[in-house]
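Participant: Residue numbers (the working numbering), protein chains in the order written: chain A, 1 to 419; chain V, 1001 to 1419.
No wet-lab data here; the hints were simulated from the structure.
Even for Gly, the Cβ is constructed at its ideal location relative to N, Cα and C.
Be aware that a few hints might be false.
If you anchor each label on the Cβ, the simulated ranges turn out as follows [said to hold, decoys possible]:
1. A:Met232 - V:Ser1294: 15 to 25 Å
2. A:Asp295 - V:Pro1025: 43 to 53 Å
3. V:Thr1270 - A:Glu314: 16 to 26 Å
Derived coverage of chain A by chain V (criterion: at least 3 residues anywhere in the stretch with Cβ under 8 Å from a Cβ of chain V; other residues may be distant) [claimed, not checked]:
4. 130-141
5. 348-361
Beyond 12 Å from chain A on every Cβ pair, some chain V residues (computed) [said to hold, decoys possible]:
6. Gln1010
7. Ala1013
8. Lys1111
9. Ile1179
Given next are the chains, with one letter for each unit.
2 protein chains.
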Amino acid sequence: MHTTPPKDEQFLADFAQMSANGATPGGGVERQAASEGDILNRRWFSGVLEGFGAEVGYDKIGNQYGLFEFVPGAPYVAVGSHLDSQPLAGRFDGAYGVLAGAHAAARVAAKVESGELAPRFNVAVVNWFNEEGSRFAPSMMGSSVFTSALSLQDARAATDLQGTTVGEAIDGAKWAPLIDAPKVATYAEIHVEQGRGLENNGNQIGLVTATWGAKKFVATVRGEQGHTGSTMMRDRRDALFGASLIIAAVRRLTEEFAEGRLQASVSQLTLEPNSPVTIAREVQFNVDLRSPDSDVLAAARTRLDEIVAAAASEADVEVELSLTHEWALNPYPEAGVELARECAQELGLTHQEIYTVAGHDSTNMKEHYPTVMLFVPSVEGISHNEAEYTTDEDCLAGLALLTRVVEQLAAGKLAPDKR
Amino acid sequence: MHTTPPKDEQFLADFAQMSANGATPGGGVERQAASEGDILNRRWFSGVLEGFGAEVGYDKIGNQYGLFEFVPGAPYVAVGSHLDSQPLAGRFDGAYGVLAGAHAAARVAAKVESGELAPRFNVAVVNWFNEEGSRFAPSMMGSSVFTSALSLQDARAATDLQGTTVGEAIDGAKWAPLIDAPKVATYAEIHVEQGRGLENNGNQIGLVTATWGAKKFVATVRGEQGHTGSTMMRDRRDALFGASLIIAAVRRLTEEFAEGRLQASVSQLTLEPNSPVTIAREVQFNVDLRSPDSDVLAAARTRLDEIVAAAASEADVEVELSLTHEWALNPYPEAGVELARECAQELGLTHQEIYTVAGHDSTNMKEHYPTVMLFVPSVEGISHNEAEYTTDEDCLAGLALLTRVVEQLAAGKLAPDKR
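The following block holds chain A by itself, in its conformation from the complex (with noise of 0.2 Å):
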């Protein structure tokens, strides 16, 4: 094991090298869950783990850990977030905090060994599968799986567009050596905010207290096919024109709310048959509602059945909306704010309470283990897209924070009193 410490210059020449990974022209990163970027990351973190002593292990969804042990046999402070990235997106989300994880777990493991910590518990860093849900959905897949909140089975049956199912996308990985997850007794995770709350206010640190309400769907227009050319209009049943009327009225809905109040959005739709000439017969899409109000996110969804209701009455097609996930306005636990908040203090960093409308694998987390949720600064909270920013100062001022945390949680700060 190392006797020092990683420093904040190893930090940012870690994460340089980290972000030539799946880096694109446009100055992002690609790294869909299990893709060849990925892969190469996860290969390439898998190093620096080793190189700050820690022992590298993967569970059977593909969640790769870093394990330092210091007290043989207790549970671990799990620290961390996801290295797999969107589409040509930027290089912060996510793997930031997965590389801030390491090293304030190398930070924390160099004071055990000097006998400046005592610990009560061991620091696994974690690098959860699949976060993004854009190859494989659903999203915050490794975390889910790990808190059982999504059976391993079904998990590993979710397939890509081209039909790959992700048990085969992560043997064929072949990431080793096979490991039982580890026990957790508490949890912190930095990220950035994709946002411009931080920004807005001036401060270097946001506190996050609670995610955003959300409810998202898949919608299923059924109309005919048809020839484009000779179909007369008033005979056509266009799945597209009923699913771009949906489309359309889904973000002018967020214009019913005060400003901020509604987040909607339609990101990913496929049809059939896809053809210049054939009039679509089925055309399938998401829609995601967010709100940090339960009451508006409960008006949307009344406003949104309006809305399939008018489409399918216009385009003279059937509609199929089906929740498939939601969750209300979920609060993370105060006790890991107050610890958050005493650190940021300590350390002299500006901070504020934060909301998060992004799902976060600490979603996941808090459901079962004291967690600590942390967010640096966004440039314009410009996120999923390559010119995502976040400056060297505001990362090292994350990382100073998240590594008192994991000292404070190592040392036993808002685990239960007995095991």
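Assemble the complex: chain A is given as a structure, and chain V must be docked to it using the hints.
Facilitator: Coordinates of chain V only, in the frame set by chain A:
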């Protein structure tokens, strides 16, 4: 060569047999250009032609010919249509016309052999490659190359959505022998109407006098990737929202004109990155405008520009609209219509003049050769759909008329006096 002409029962049996090639559970066929179903069906059709005594060959763009040579060295009356289909298509579109062409040619050959007909020209049955354009654009590919409207090189370079080129698909099909395309004197084609015109008037035959004008575009909407949850609505540049505004408005545009004056469709669409949690950065789709009236078409084109500008503004995206092909209201040669009318009267078939909304291979051929284009009724006008249907009686009436027309053409009708 056969001495007895094939009977009506034989035609119906052959049609039923052909409909088993690439058959779908819903009663249709799936025989996209150079797909498994198309390859199987062409092999089967080759046997039919050879059974009638024709020599079978293929040209470099995969057009399939069945040659009946009566007058060594003389040009050919070409008669045919296309055997390829849309995905989940009906079994009549194109295929009826090719099989009717083969039976008509065999009947004419029997008359030549028995001395009842003194031919001036030979007869070639033709199955044009890739009329549909669903797998490889543009449509009417084989007849476009035949008439030099499209270069062989450009046609062979066209790719499907999997990146396979036409050249690779044709070479992979191993159609043989390769022959020079026959020299053509005149052309005849019969097709199902794909509309309700004949059915509404209770007529058996349509004498096609013109093709509707058309303007076809590809629209590319460029926005910006972002997180579907955390990107604030006012910051979004959502390409799919922009596209949906255009698609909905294009359809509603038809209501600004008198019924039946404008057909407008969007039926093919791709989006990037097509992820459930990332706003689309780019959407590409076709826009297909058709009208029997050039003024309507010009007005619709102007309105389309306005629709695009309004959508670009509302969604804060850029839209590029490229005209990919267009044709004005396009008459068929009068002499061909008159010949068909005389033959229909002679056979006692009820008939009317009619426009075609859809393009056909005859749309290409009529620019270079005296051409006859015939329609038989489609029940309810259903087209590009497994439920497409034409009665046996109407199929046989069309075959009888086509036979009479080919006979007249083989005897020298419509051809310039000097060749």
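Participant: Take the hints in turn and mark each one as holding or not.
Facilitator: Here is what the structure says about each hint:
{"no.": "1", "hint": "A:Met232 - V:Ser1294: 15 to 25 Å", "result": "holds (20 Å)"}
{"no.": "2", "hint": "A:Asp295 - V:Pro1025: 43 to 53 Å", "result": "holds (47 Å)"}
{"no.": "3", "hint": "V:Thr1270 - A:Glu314: 16 to 26 Å", "result": "holds (25 Å)"}
{"no.": "4", "hint": "130-141", "result": "holds (count 5)"}
{"no.": "5", "hint": "348-361", "result": "holds (count 4)"}
{"no.": "6", "hint": "Gln1010", "result": "holds (30 Å)"}
{"no.": "7", "hint": "Ala1013", "result": "holds (28 Å)"}
{"no.": "8", "hint": "Lys1111", "result": "holds (34 Å)"}
{"no.": "9", "hint": "Ile1179", "result": "holds (30 Å)"}
When each numbered hint is compared with the structure, no violation occurs for any of them.
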